[in-house]
Amino acid sequence: MSKPQAIIVGAGFTGAATAHDLALRGFDVTVIERGDICNGTSGRTHGLLHCGGRYAVKDQESAIECIDENILLRKIVPQVIEPNGGLFIALNESDLQYRDVFIQGCEACHIPLEELTPEQALRLEPNINPKLLTAFLIPDGTFDPLRLALSFAATAKKNGAKFRIFTEATSLILDGKGGVIGVNILDRASNKPYELRADIVVNATGAWAGEIAEMAGASVPVKPTPGVMVAYDQRFVQRAINRLNTPGDGDIVLPQRRMVVVGTTSFEIDDLDYVPVLEDHVKLMLERGAELIPGIRNARVRGKYMATRPLISSGSGRSAARTFKCYDHKETHNIDGLVTITGGKATTLRAMAEGTADMVCKKLGLNAPCTTKDVLLLSYRQYYSLPN
Amino acid sequence: MSENWNITLKVSRQKEGEKPHFDEFKIEVDPDEYVLDAVERVWAFMDRTVCFRHACHHSTCGACGMRVNNVEKLTCITYIRDVTHDGGVLKLEPLRNFPIISDLAVDMGSLYNRLETVGVRAILPAPEAEIENPPATWDSADQQYIRLADCIECGLCISACPSAATSSEYLGPAVLAGVQANGIKGNPEMLNIVDAEDGVWRCHSAFECTAVCPSYVDPARRIMNLRTQVIKERFTRLFHKA
Amino acid sequence: MENQRNRPSPSKFWTWFNPIGRETGGWAFILNRVTALGLVFYLYIHLLVLSQLAMGPQAYDNFLALMSNPMIIFGEVLVVAAGIIHGLNGIRIVLTTFGVGVTRQKQLFYGLMAVALIAAFVFAFRMFTA
Amino acid sequence: MTQTTAFPSVSAPKSGENTWLWLLKIITGPLLVILLAIHFIVNHYISETGLLTYSEVVAYYQNPIIPIMEILFLASVVTHSLSGLRGIILDLKPARHVLKILDWVLVIFGVSAVVYGVWLALTIASKGV
Numbered sequence: 000m001s002k003p004q005a006i007i008v009g010a011g012f013t014g015a016a017t018a019h020d021l022a023l024r025g026f027d028v029t030v031i032e033r034g035d036i037c038n039g040t041s042g043r044t045h046g047l048l049h050c051g052g053r054y055a056v057k058d059q060e061s062a063i064e065c066i067d068e069n070i071l072l073r074k075i076v077p078q079v080i081e082p083n084g085g086l087f088i089a090l091n092e093s094d095l096q097y098r099d100v101f102i103q104g105c106e107a108c109h110i111p112l113e114e115l116t117p118e119q120a121l122r123l124e125p126n127i128n129p130k131l132l133t134a135f136l137i138p139d140g141t142f143d144p145l146r147l148a149l150s151f152a153a154t155a156k157k158n159g160a161k162f163r164i165f166t167e168a169t170s171l172i173l174d175g176k177g178g179v180i181g182v183n184i185l186d187r188a189s190n191k192p193y194e195l196r197a198d199i200v201v202n203a204t205g206a207w208a209g210e211i212a213e214m215a216g217a218s219v220p221v222k223p224t225p226g227v228m229v230a231y232d233q234r235f236v237q238r239a240i241n242r243l244n245t246p247g248d249g250d251i252v253l254p255q256r257r258m259v260v261v262g263t264t265s266f267e268i269d270d271l272d273y274v275p276v277l278e279d280h281v282k283l284m285l286e287r288g289a290e291l292i293p294g295i296r297n298a299r300v301r302g303k304y305m306a307t308r309p310l311i312s313s314g315s316g317r318s319a320a321r322t323f324k325c326y327d328h329k330e331t332h333n334i335d336g337l338v339t340i341t342g343g344k345a346t347t348l349r350a351m352a353e354g355t356a357d358m359v360c361k362k363l364g365l366n367a368p369c370t371t372k373d374v375l376l377l378s379y380r381q382y383y384s385l386p387n
Numbered sequence: 000m001s002e003n004w005n006i007t008l009k010v011s012r013q014k015e016g017e018k019p020h021f022d023e024f025k026i027e028v029d030p031d032e033y034v035l036d037a038v039e040r041v042w043a044f045m046d047r048t049v050c051f052r053h054a055c056h057h058s059t060c061g062a063c064g065m066r067v068n069n070v071e072k073l074t075c076i077t078y079i080r081d082v083t084h085d086g087g088v089l090k091l092e093p094l095r096n097f098p099i100i101s102d103l104a105v106d107m108g109s110l111y112n113r114l115e116t117v118g119v120r121a122i123l124p125a126p127e128a129e130i131e132n133p134p135a136t137w138d139s140a141d142q143q144y145i146r147l148a149d150c151i152e153c154g155l156c157i158s159a160c161p162s163a164a165t166s167s168e169y170l171g172p173a174v175l176a177g178v179q180a181n182g183i184k185g186n187p188e189m190l191n192i193v194d195a196e197d198g199v200w201r202c203h204s205a206f207e208c209t210a211v212c213p214s215y216v217d218p219a220r221r222i223m224n225l226r227t228q229v230i231k232e233r234f235t236r237l238f239h240k241a
Numbered sequence: 000m001e002n003q004r005n006r007p008s009p010s011k012f013w014t015w016f017n018p019i020g021r022e023t024g025g026w027a028f029i030l031n032r033v034t035a036l037g038l039v040f041y042l043y044i045h046l047l048v049l050s051q052l053a054m055g056p057q058a059y060d061n062f063l064a065l066m067s068n069p070m071i072i073f074g075e076v077l078v079v080a081a082g083i084i085h086g087l088n089g090i091r092i093v094l095t096t097f098g099v100g101v102t103r104q105k106q107l108f109y110g111l112m113a114v115a116l117i118a119a120f121v122f123a124f125r126m127f128t129a
Numbered sequence: 000m001t002q003t004t005a006f007p008s009v010s011a012p013k014s015g016e017n018t019w020l021w022l023l024k025i026i027t028g029p030l031l032v033i034l035l036a037i038h039f040i041v042n043h044y045i046s047e048t049g050l051l052t053y054s055e056v057v058a059y060y061q062n063p064i065i066p067i068m069e070i071l072f073l074a075s076v077v078t079h080s081l082s083g084l085r086g087i088i089l090d091l092k093p094a095r096h097v098l099k100i101l102d103w104v105l106v107i108f109g110v111s112a113v114v115y116g117v118w119l120a121l122t123i124a125s126k127g128v
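Chains as they are written, first to last, in numbering that gives the first Met the number 0: chain A, 0 to 387; chain B, 0 to 241; chain C, 0 to 129; chain D, 0 to 128.
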């Protein structure tokens, strides 16, 4: 039997990771991406390798996914991760009231944590707000967004996956019986259209998932929710600094190379393809970031940017679940040959790919188990050097 | 908030099999936006066929390097205010010395391949990463921190280097700087790679790499230091032949 | 999908001399390369010309008379200036190679070029008035 | 270090340049600056008239230090100029066999230039005897 064919639309985190997973399971994978790898949400992620602490109180399903994947990613792709841990710090009474539920939540999700006195915390991170009341040491980390995706893509490529960048999906090819059998594409480098056919099309376009699903007449309940981030050009801390409270605006400060990044806000938009970086959000990031690390006030802004989260719209904004969902459109809209993966977070990209690939295999009646937990990823640089 | 500017983006275009030319886009910008924001808006609202590379938008991925008014810039952190004026022109061209994929997007495979082959580290202990610009005091725990290297592998240095323009096999500033960070002591294979025709001696001290480097690497300084290391190693080997 | 125009190529040697968009160090490189090529050319012509010395007093003095043409003297001034620039810029390269003044290579260049300019004027003055 | 990739990567180190060749150039450089400075000072400041006639030149060469210095100068300048020229040509990535020929041409040319210079200096010095 020849290899099963899969087309993945979108080369962000889920696209790259799904390509890797399916390639390992023996699929002939082609990934199409309208820009270069990670030009959308994935590239602009703040880069926090979540340990789950942020979701441990309200969204324990996500929290457990995070801690499991956090441990796995450190093992399979250490070359793009700064594994320096993180702190949750309390700055006022309201933060302190959150302490007990936070401890309970972390324990319920098996997130290892250690409470530090303010003195201990300041000894570890001298630049955090000296007025802190308590702190928790947790196993956060940071990663380089593009290079995380490239590591998955490189390994996928090694196993035969093809990446067609600057290639847009213009429409889905339908078989006339309500099934998707391929994708019409437009190669932007040559401005030539092509037809790609496959046994399964995976819609891994994240916040844009609705647009692709619509091409087949399906819909996906994804709510694109952008957030603004600001990078300052001084590495004040070695660890990810989180505010000990319910998730809110500007309550995370991350070290990255010689910068710290403050994130993020949350708002709603109409046009997905260009989202302005709102000046009042930038100001808010400075205010909130400076509460965690006062030195930020005197640092220079290096970059202001935004990314559009693909939230599954069961709630709105912060209250929406941060877990991911795979949709088999055979079940949702009686459209065969199309699967959508969306939602989730960068930290859970491998698990998202596993879930998607499981669904694809089940649909095609294949018995191929997931092996991505045990496969160490190649260097991201090999993405560029391996032949396509 | 500052007044908006009206500027003209002159974008270098080239599709497969076509002759290179410039397309002009008149666009209203906030001078405190970044060049990349303007390019992204051209793509979003004016011409979907413009191809360019970008990912992180805050100078950690190194994808968005372009030549802006003849100078290599990381466009995601280059304020429009700093490179043009109200009513002015922004000429955008792809980086030099890399094959063009389409328009502003170049194929940097050669750089990545070289970095990988000579074993330049992407992630390293914090104290080693801070050699050039160490903090005033080291915490004993700092020794355990691991962080991403300063070099974001954006290729600006290769585009700006006069030696790289004619010699396709010259290792180039980013790679030599990476070798310097690793050190060549006790690594004869690496010594032979950099002490050769396409190694440290191909540098002619134009310091252009350092002038355009957006990320604290200071490649020229590292190349100069690598030369001293090479000379030392050669003399040591001369007098301590086994 | 690959494009030859943008690849490194020996045929692009002219980009060595393109100062557009380049910084101090780039100008230094251009000056150094231009003066190097000029001086190599001059050096071997000069050696050949000096053979006149071996041919006796008459030949050489005739030759020197020819050399007093202001255009020729102007050319010699250029050669002297090129030599001074190349030499002093060379000092910058030697120093920076061995780690001296690497972070101040721009100031080093400006300083040395100021010296070069003064020296070139002194020599020009003497040569035209000799 | 195996090459299995689609892109030009790190070629096997080529012997066209090395530490010693480069040191030759970088050491003769400052030496020339010094010799040239002495040369100019002697020519233009110490000798009153600036060596503008044949007889002055011949007289100048009677001091044995002068021909020795000039020959030393010539050897340095030939070494520096030809290795410098070679460096520029190396930037143009010459083919191996072209470089081999070039090396011979440069060596023969350089040696002849020095031999010619020595002959010239000795000839001039002998004129005054």
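Among the hints, erroneous ones may be present.
[Unchecked claim] Calculated pairs, DSSO-like style, for lysine-lysine (alpha carbon to alpha carbon, straight line, at most 30 Å):
(1) A:Lys361 with A:Lys161
(2) A:Lys191 with B:Lys9
(3) A:Lys191 with B:Lys184
(4) B:Lys9 with A:Lys161
[Claimed, not checked] Between beta-carbon pairs, the in silico distance windows are:
(5) C:Gly110 with B:Asp85: 33 to 39 Å
(6) B:Asn191 with D:Val104: 24 to 30 Å
(7) C:His45 with B:Tyr78: 49 to 55 Å
(8) A:Glu210 with C:Val99: 57 to 63 Å
Keep in mind that the hints were calculated from the coordinates and are not lab data. For each residue, glycine too, the CB sits at the ideal point set by N, CA and C.
Status of each hint after checking the structure:
For the proposed pair Lys361 of chain A and Lys161 of chain A, the alpha carbon gap of about 23 Å is at most 30 Å, so the pair holds. Proposed proximity of Lys191 of chain A and Lys9 of chain B is supported: the alpha carbons are some 24 Å apart, at most 30 Å. Simply put, Lys191 of chain A and Lys184 of chain B have alpha-carbon atoms about 52 Å apart, too far for the 30 Å limit, and the pair is violated. Note on Lys9 of chain B and Lys161 of chain A: the hinted pairing is violated, with a Cα-Cα distance of about 33 Å set against a maximum of 30 Å.
In this structure, Gly110 of chain C and Asp85 of chain B meet the distance hint of 33 to 39 Å, their C-beta atoms being roughly 37 Å apart. The hint said 24 to 30 Å for the Cβ distance between Asn191 of chain B and Val104 of chain D, and at roughly 27 Å that hint holds. Restraint check, His45 of chain C to Tyr78 of chain B: a C-beta distance of roughly 52 Å satisfies the suggested window 49 to 55 Å. At roughly 60 Å, the beta carbons of Glu210 of chain A and Val99 of chain C sit within the given window of 57 to 63 Å.
Of the numbered hints given earlier, the model fails hints 3, 4; all others are met.
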